[in-house]
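Student: Listed below, chain by chain, are the residues.
2 protein chains.
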Amino acid sequence: MTDTAVRDANAAIAASLETVPTPALILDVSKVDRNIARLRAHLAQLGTGFRPHVKTSKSIDVARRLFPEGVGPITVSTLAEAEYFADAGFADITYAVGLSLDRIARARRLVVRGVRLSVLIDTIEQAHALVSAAADGEPMPAVLIEIDCDGHRGGVLPDDPALLAIAEVLHGGGLELAGVLTHAGESYNARGGEGLPEAAEGERAAAVAAAERLRAAGHAAPVVSVGSTPTAHFAQNLSGVTEVRAGVFSFFDLVMHGIGVCTLDDIAASVLLTVIGHRPEKGWILTDGGWMALSRDRGTQRHPVDQGYGLVCDIDGNPFADVIVEDASQEHGIIKVRPGSGASLPDLPIGSRVRVLPNHACATCAQHDSYHVVDGTGRAITGQWQRMRGW
Amino acid sequence: MTDTAVRDANAAIAASLETVPTPALILDVSKVDRNIARLRAHLAQLGTGFRPHVKTSKSIDVARRLFPEGVGPITVSTLAEAEYFADAGFADITYAVGLSLDRIARARRLVVRGVRLSVLIDTIEQAHALVSAAADGEPMPAVLIEIDCDGHRGGVLPDDPALLAIAEVLHGGGLELAGVLTHAGESYNARGGEGLPEAAEGERAAAVAAAERLRAAGHAAPVVSVGSTPTAHFAQNLSGVTEVRAGVFSFFDLVMHGIGVCTLDDIAASVLLTVIGHRPEKGWILTDGGWMALSRDRGTQRHPVDQGYGLVCDIDGNPFADVIVEDASQEHGIIKVRPGSGASLPDLPIGSRVRVLPNHACATCAQHDSYHVVDGTGRAITGQWQRMRGW
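Line order of the protein sequences matches chains A and B. Per this note's numbering, numbering of the first sequence is gapless, rising by one per residue and ending at 1407. Per this note's numbering, numbering of the second sequence is gapless, rising by one per residue and ending at 1407.
So that you can see chain A by itself, here it is in the shape it has in the complex (with noise of 0.2 Å):
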């Protein structure tokens, strides 16, 4: 739908989380403010700075929680991402999943609209291309080293030889070594918050003796970025890094209250879903909530509560006990109390609508256009966000 087709809409449904279409996405910005307050509040005490990831909202207007008028620092998953926040004004964007590259010229042209870009790398390959790529004169986005710090996806380890062969390169051809980054991705394999500050610290600990590596060979190397949701929470000493990156902690979902990173009740993104159907016999109730608007993401089914494809709540969001979203087909959503619980399942007949919790709310609001916005204080749906999609 394009931008003015969703506005129309908006104009033209009722604004309740009693009459909106569903299924809809819903955020409740009381919860959303208060998670960023909290995150700002932990690092602000540990003397660092915060360059959020949007990753998980891809909207301009959640981002205006972060930043009311400002224009960064974020964190973007995609270029798409990059030109879409610079479109909205954010001019200090690092894009942190490692540079394609056949992704080199349309990063300059960021750089070239003026945005401070950060680009990151791990091989000598992407220097060598980036090198080759700034002989024509034209402006460069900074480099970021990525480095591995408990071997969960790429980059390279803080002893490895490749880190200062990589700064060489770099430094050959006179393009901008901006620092190292990392991300402890091990620490989703938490649980209840155990091991946590250690992640934290071991993040930490390998980002700065990377720098320090750099710095010790000659390169400026001042950006040591770290971070992850639940690292960031947990962490308890951050000297040297001089940012922390986010991205689900400002809705949060099952997979972080599983990690033990946040409660239930601050989770801030729901699918508001309507009953369709009931099959006693089997301790079903059947709703218009398949995998097309939960997604497919079972983030929860290694954990020791699965919470299938979501917690249900009652319309205003108060989960009831143990009763989850067990089976999901394209638009059909099977409710079920969790197997091998003693409760039972609520009376909700025919059109009662429902909230469902996501396991993973990057996965499940990239499901939807836009957010449907309440407040906390009751069921009027106060605005209607737009999000981005594609690369």
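A hint or two may mislead.
You can't tell identical chains apart in this list, so a pair holds if it fits in one copy or across any two.
Lysine to aspartate or glutamate pairs mimicking EDC-like chemistry, simulated, CA-CA at most 20 Å apart [said to hold, decoys possible]:
id: 1; residue 1: Lys1298; residue 2: Asp1343
id: 2; residue 1: Lys1298; residue 2: Asp1281
id: 3; residue 1: Lys1298; residue 2: Glu1210
id: 4; residue 1: Lys1298; residue 2: Glu1342
id: 5; residue 1: Lys1298; residue 2: Glu1034
id: 6; residue 1: Lys1298; residue 2: Asp1077
id: 7; residue 1: Lys1298; residue 2: Asp1338
id: 8; residue 1: Lys1298; residue 2: Glu1184
id: 9; residue 1: Lys1298; residue 2: Asp1166
id: 10; residue 1: Lys1298; residue 2: Glu1202
id: 11; residue 1: Lys1298; residue 2: Asp1175
Think of the hints as simulated: they come from the structure by calculation, not from any bench.
Starting from the structure of chain A, add chain B where the hints point.
Tutor: This is chain B only, laid out in the frame that chain A set:
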């Protein structure tokens, strides 16, 4: 992106698998045409009608391969799909998800526009709501009663007293009972084709039995609608059935391959990705395709052959033996040899491109706004076809 923006972007990009920005959804139209021709021939031989489901493609351009100039019949999973296809001239549409009471007014607007629309119900409450709405004398959609043939989802059993009770309510309110509809969802649990002829016969028998009960009670019930992609291909006798529905058959996917309905070579949709790094010590190749491009669907997870997040092919679509996307984060995918396999990783330097066959075409295609079309003869992209989304 708006349609105009997509067209502009299309004009700007070089039209080849080697140059199109990745991740990109690729559709081999020669395979689509072959898949359509095969199922059409099978159903023609069995002497029944065909009402393809367009929820997989959600694309007018793909639907035009089924009906080059026609108006249907088609099946849809949302009223937004019905409206989108009606805008393009499709005029015979079955909305095959149980009707939510608050959607009656919206469904009627399609009827007023001249669409032959059938809606689906399985409760007395829905029948009463339709009768109530009809009291104003304006046009109403035709009604199908959903039959449960295998305990998979909604529907009434063929011998359930509710079947005749619903029909009586509709009759009393002057509504058109078009007939019955069933879907053998349990057929998705088959493996290697085993049990599918029996599932097809069970689906047929349940629907025909329900229609005969209705007719014995004096209701015309002319439509007997059955179908799923697995049962449609394995049905040996469809006597009494007036139409078959199938959706994913036009694209196929790894789930259908595991169920035994297609070969790997039949799979028409794939996701084109670029290699962005290597971790040889871990046996990893990193790509720019994470779950945002591939979807979170892990539909082969419980199959004898688990395909991870998809089976990896070269740029021309030839599968590498036992090479899969083993893990995915939002914008990264990790390619690995299938655990336990003796295969070795292909040589894929940074910048190489691969195509990934999806577990579930409906879910993977939903992550993209358009199809980049190839014709099976080379690497040229011959068109860009739009998809719709939302509800």
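Student: Each hint should be assessed against the structure and marked as holding or not.
Tutor: To see whether the hints hold, each was checked on the structure:
Only within a single protomer do Lys1298 and Asp1343 lie at most 20 Å apart by alpha-carbon distance; the minimum there is 13 Å, versus 34 Å between protomers. Taking the shortest Cα distances, Lys1298 and Asp1281 never come within 20 Å of each other, neither inside one copy (30 Å) nor across copies (39 Å). Neither within a single protomer nor between protomers do Lys1298 and Glu1210 lie at most 20 Å apart by alpha-carbon distance, with minima of 38 Å and 26 Å respectively. With identical chains, the CA atoms of Lys1298 and Glu1342 are at most 20 Å apart within one copy only, with a shortest distance of 12 Å there and 35 Å across copies.
Proximity of Lys1298 and Glu1034 under a CA criterion of 20 Å is satisfied in neither setting, with 28 Å inside one chain copy and 51 Å between copies. For the homomeric pair Lys1298 and Asp1077, neither the shortest alpha-carbon distance inside one copy (43 Å) nor that between copies (40 Å) is at most 20 Å. When the C-alpha separation of Lys1298 and Asp1338 is checked against a cutoff of 20 Å, the pair qualifies only within one copy, where the shortest distance is 16 Å, while the shortest distance between copies is 39 Å. Taking CA atoms no more than 20 Å apart as the test, Lys1298 paired with Glu1184 passes in neither setting, with 66 Å inside one copy and 26 Å between copies.
For a Cα distance limit of 20 Å, the shortest separation of Lys1298 from Asp1166 across copies, 13 Å, qualifies, whereas the shortest one inside one copy, 45 Å, does not. Proximity of Lys1298 to Glu1202 under the C-alpha cut-off of 20 Å is restricted to the inter-copy arrangement: shortest distance 15 Å between copies versus 39 Å within a copy. In the homo-oligomer, the alpha carbons of Lys1298 and Asp1175 lie at most 20 Å apart only across protomers (18 Å), although the nearest pairing inside one protomer, at 58 Å, exceeds that limit.
Taken one by one, the earlier hints fail for this structure at numbers 2, 3, 5, 6 and 8, listed in ascending order.
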